[in-house]
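What follows is each chain in one-letter form.
Number of protein chains: 2
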Amino acid sequence: MTDTIYQPISAKETHAGELERTSEITEYSNIMGIEVLLPCFYVLYLFLFFVGFPASIEGRLLLTKKPDPKNAAATARWLVSQNSWGVLNTISSDLGGSPFGNVVSFSDGLPNKGSGIPYFYLTALDPTARDALKDDRASFTISEYPIGTCGKIDPENPTCAKITLTGKLKLVDKNSKEADFAKSALFSKHVEMKDWPEDHNFQFFKLEIENIFLIDWFGGPKPLTLDQYLHASLNWFASNS
Amino acid sequence: MTDTIYQPISAKETHAGELERTSEITEYSNIMGIEVLLPCFYVLYLFLFFVGFPASIEGRLLLTKKPDPKNAAATARWLVSQNSWGVLNTISSDLGGSPFGNVVSFSDGLPNKGSGIPYFYLTALDPTARDALKDDRASFTISEYPIGTCGKIDPENPTCAKITLTGKLKLVDKNSKEADFAKSALFSKHVEMKDWPEDHNFQFFKLEIENIFLIDWFGGPKPLTLDQYLHASLNWFASNS
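Protein chains in written order, with the UniProt record's numbering: chain A, 1 to 241; chain B, 1 to 241.
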């Protein structure tokens, strides 16, 4: 094994590094004085306005610290909780049974109250929902990369975490309490959804997870059962509140 | 149709907006004087060091203007050329034929010389390559969202472009000229790949595209043949050089 060749800075070191850089900014502001800093913040504001905040839907990103990669369940729940979109894969009925991935938005719950189960707002005008209604085998794939915590590490590098949840993509009964939950979860994270065209007949779907494939470090996929994944939340949020 | 409800700023307006904001920064620097601006740039530097540049692999992003969404072929080639990663979907041999998506890096050529055909650097230690060697049906899905040009538009909104290339995932003969091309294409875009562990037996793969599913505006997927897609490059780069 030659892992050391592309060994990145560890998650802990990254967070420590961020803290160091924060204090560096604070010290510098003491030296400079407020009369210089105010225009600086205007320049910073202009810069942010110019560059924008890619990958910052609803400002939920970077709010919660990335867990230690050794904690597979917490890392998996963090990935699902912090992301706003992923690729939902179905068996294509249009393309001879090929696997078909589609970019979709999702939510697993209200901010910092995720359930771990991804909910979607799909229309059968799109092939994904049509496929699922014929063959519900599906998977949902999420990368850490758009969260912004991988730094300069390549998206395929195993330390830039990725998760694939495999299972069944199910339509949620629109008159159920679960539909209310899905609506709150999705519309709180994806505000524009509430204004999407009614005549497109968007419906709530969920992935009933059966298998979890998580890569968050060297050494292959992490062993992680559905039960460990679903019950990670309390411990995880308790230790980060 | 109630498309106007979630009609976003068009691509052209976005680019115009960027230009306006650039000139605003220039004007402000004339008013302020260099003695104030120098510390400002230090603050900006610290900020960038602190926040980092998510989604900026090899600094190729935002270098090339997003094409007009009406030009489906150019938009498709732009999406493939500007992105560095996506989700590669196979039929899972481990999970009873479920569609299995995996986060991978890719390249379609040297910077600004893309061929439109995505190449990958995969190891059979990962299920994706193993699956493809048993059943080569595959699709590759890319979102505009991580490029940063969707702004505040939701990743699932049809004006935040997305593409799925469906076809066959093929191993590239390691002694062929095509393998040399794949190597240059991938290693120029993903510099760390050249140092990935030899004992993992990474190999070059490519997607032989058969079908293109592109969403880049309201009104459903754009009609786009493989021929139109593959031959878009010359016109597209000629009009942007």
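Derived from the structure by calculation, the hints contain no laboratory data.
Just to be clear, a hint being listed does not mean it is correct.
Facing chain A, according to a computed beta carbon distance under 7 Å, are these residues of chain B, among others [what the hints assert, rightly or not]:
| id | residue |
| --- | --- |
| 1 | LEU95 |
| 2 | LYS134 |
| 3 | PRO146 |
Virtual Cβ for every residue (Gly too), placed ideally from N, Cα, C.
Now for the hints, and whether the structure bears them out:
| no. | hint | result |
| --- | --- | --- |
| 1 | LEU95 | 5 Å, holds |
| 2 | LYS134 | 13 Å, violated |
| 3 | PRO146 | 5 Å, holds |
Checked against the numbered hints listed earlier, the structure breaks hint 2 alone; every other hint is satisfied.
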